[in-house]
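A.B. asks: Take the given structure of chain A and dock chain B to it, following the hints.
Going down the list, the protein sequences come from chains A and B. Sequence positions in the first sequence follow the working numbering and run 1 to 319. Sequence positions in the second sequence follow the working numbering and run 1 to 319.
In short, the hints are calculated from the structure, not lab data. Don't take each hint at face value.
Put simply, identical chains are the same to the list, so a pair is met inside one copy or across any two.
[Unchecked claim] Okay, derived cross-link-like pairs now, DMTMM-like style, lysine to aspartate or glutamate, Cα gap no bigger than 25 Å in a straight line:
1. K15 x E198
2. K15 x D171
3. K15 x E50
4. K151 x D131
5. K151 x D132
6. K15 x D40
7. K15 x D131
8. K15 x E230
9. K15 x E42
10. K151 x D4
11. K151 x E54
Note that the structure is a prediction, hence the values are computed from the model and not measured.
2 protein chains.
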Amino acid sequence: MQTDTVAALDIGGTKIAGALVDGSGRILVRAQRPTPAQEDGEAVMGAVAEVLAEVAASPLWSSATAVGIGSAGPVDASTGTVSPVNVPGWRDFPLVERVSAATGGLPVTLVGDGVAITAAEHWQGAARGYDDALCMVVSTGVGGGLVLGGKLHPGPTGNSGHIGHISVDLDGDLCPCGGRGCVERIASGPNIARRALEGGWQPGADGDASAAAVAAAARAGHPVAIASFERAAKALAAGIAATATLVEIRIAVIGGGVANAGEVLFAPLRRSLRDYATLSFVQDLTIAPALTGGDAGLVGAAAAASLGARDDTAAPVAG
Amino acid sequence: MQTDTVAALDIGGTKIAGALVDGSGRILVRAQRPTPAQEDGEAVMGAVAEVLAEVAASPLWSSATAVGIGSAGPVDASTGTVSPVNVPGWRDFPLVERVSAATGGLPVTLVGDGVAITAAEHWQGAARGYDDALCMVVSTGVGGGLVLGGKLHPGPTGNSGHIGHISVDLDGDLCPCGGRGCVERIASGPNIARRALEGGWQPGADGDASAAAVAAAARAGHPVAIASFERAAKALAAGIAATATLVEIRIAVIGGGVANAGEVLFAPLRRSLRDYATLSFVQDLTIAPALTGGDAGLVGAAAAASLGARDDTAAPVAG
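Same shape as in the complex, but just chain A:
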């Protein structure tokens, strides 16, 4: 006998992935296309439709009871539309309606990609068992999501937990979002690399000027590389402490490429956290690396849809 599954979509600026996910979070069927990010909105939707068609071709498709979408933001779960910064052809694009139509009217739940990854980490990763958690991705950008009172907290539009764009330096550098001194503006991979280069660090013979190369230099003791990670850690610490002080999270889980730097990031982050998480109710905050991997977006989108079916905090918005 077939058990119920959830169809999941993970939509980013580089790839569009789809899957059937079972009640244990296992991926039973998987499909993927590159995102035609510079083409018009219908072309991007065409890639989504191809992914869905490939997944729907599986004999298991009949077991799908809902669709979960985790999308690059901003999203608007209240209207079912998405406007991903890196997909200019989609502005207020009615993704929920289109996916619902393409799947014969299945209920569709839409959340931001940070919220989806949080759902995955809470279900199967480092945030498992925590009723109040922040889960982050520190990579090209900085994103996140929240679990509050034991439940995923997508917020009214599915964007809650957007820690990358809170200001921790109100007089700081302008951020592409229009703000100043945002966590992402200081702690993202490209900003770690930029700061190291500006400070006089030079890439090795391979020319690799990524944050991963800066991390390698920091491990080898290069002071400018170390300082750039320390600055990123300070911004992350201030942002995590702010989140804990506002909503009493007990753990902050950090994934993404920059988190792969390991102790080069986590050691100064734990130190800086003592400087910013000062009130009694936030002093015991745990910092942990993420445990879910590349399929976290799909697993989390499925989790968000499962929650949506039984919990008004992530209600399906169509279907």
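C.D. replies: Okay, now just chain B, sitting in the frame of chain A:
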């Protein structure tokens, strides 16, 4: 026939107030004592007991079904203890147990004072009808509380919404809490006054060097006074925008003595908010002055207790 009431306690560093509050938020009986803040813990508890005894002497006392306490923080609702910064005799003081014993075993709900005021503003004030709100007090300190998804969100220990101690300036001045660049360190009344004095503003013949006097000077066009309020407004804007970006609040309600400065504060606050609340889902954030007055702490403590009786997000912790 008597309808049910809730006994409320509002415990601050200056006064301890108690009341019986009916289901419409009306205060039927009221008592108050100065807080013997510099005496030992039992002396402070003695003042609480006197307030409770005075309220309990009313013939309406038999209608009380629960006790709500809003206390200066930090509080710990999970253990029923309080450690108010300005009441050194109380450190991990078992207030819930003591109040429960003093009231014959009524269920007791404990929240921080910022959470209590938020409950009042959501019930009867400017946040009424909003499912997602931040309510703040900007005064000698800066405190706050959150309504999320239509419900008061005290958090596991009753301290959520502590916006005064999130850092918006990670390299900024040390705050008495141990952090740096906290909203309170920039935007509280004493800091507005300090900055004006440091900038060369001088009090008038009456010697009044309070934030209210700085506000009067700002209204009269004094550039240093205006600049000090603008700086406070910027810090508040960054903190409010961070909160909105993290948990999707739709309104920020601001009360307290500094908010009485009116447009001297609110005009630059609305301007600065445009610089920090940049993402699509936070751009429409409403800023509003608080509507509840001096009894908000009592009314809100009663509201928190009523919620506690029917909602696990603010569960009674004793009784």
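A.B. asks: Since the copies are identical, ignore which copy is meant and state whether K15 and D131 lie within 25 Å (CA to CA) inside a copy, between copies, both or neither.
C.D. replies: neither (32 Å within a copy, 35 Å between copies)
A.B. asks: Give the relationship of K151 and E54 under a CA distance limit of 25 Å: within one copy only, between copies only, both, or neither.
C.D. replies: Neither way: K151 and E54 sit 32 Å apart in one copy and 42 Å across, limit 25 Å.
A.B. asks: Go through the copies and call it for K15 and E230: within, between, both or neither, with a Cα cutoff of 25 Å.
C.D. replies: For K15 and E230, neither the intra-copy (32 Å) nor the inter-copy (45 Å) Cα distance is at most 25 Å.
A.B. asks: Using 25 Å as the alpha-carbon threshold, which applies to K151 and D131: within, between, both, or neither?
C.D. replies: both (7 Å within a copy, 17 Å between copies)
A.B. asks: Could you place K15 and E198 in one of the four classes (within, between, both, neither) given a Cα distance threshold of 25 Å?
C.D. replies: Cα proximity of K15 and E198: none, with 32 Å in one copy and 55 Å across.
A.B. asks: At most 25 Å between alpha carbons: which applies to K15 and E42, within, between, both or neither?
C.D. replies: within (16 Å within a copy, 64 Å between copies)
A.B. asks: First find the shortest C-alpha distance between K15 and D40 inside one copy, then the shortest across copies, and answer within, between, both or neither for a cut-off of 25 Å.
C.D. replies: within (16 Å within a copy, 64 Å between copies)
A.B. asks: Please work out whether the CA atoms of K151 and D132 approach to 25 Å or closer within one copy, between two copies, in both situations, or in neither?
C.D. replies: Classified as both: same-chain Cα gap 8 Å, cross-chain 16 Å, threshold 25 Å.
A.B. asks: Could you place K15 and D171 in one of the four classes (within, between, both, neither) given a Cα distance threshold of 25 Å?
C.D. replies: Neither: 36 Å inside a chain and 38 Å across chains, both beyond 25 Å.
A.B. asks: Checking an output row: K15 and E50, CA cutoff 25 Å. Within, between, both or neither?
C.D. replies: within (12 Å within a copy, 67 Å between copies)
A.B. asks: Is it within, between, both or neither when you check K151 against D4 at 25 Å Cα-Cα?
C.D. replies: within (22 Å within a copy, 32 Å between copies)
The structure fails hints 1, 2, 7, 8, 11 (numbered hints given earlier, in ascending order).
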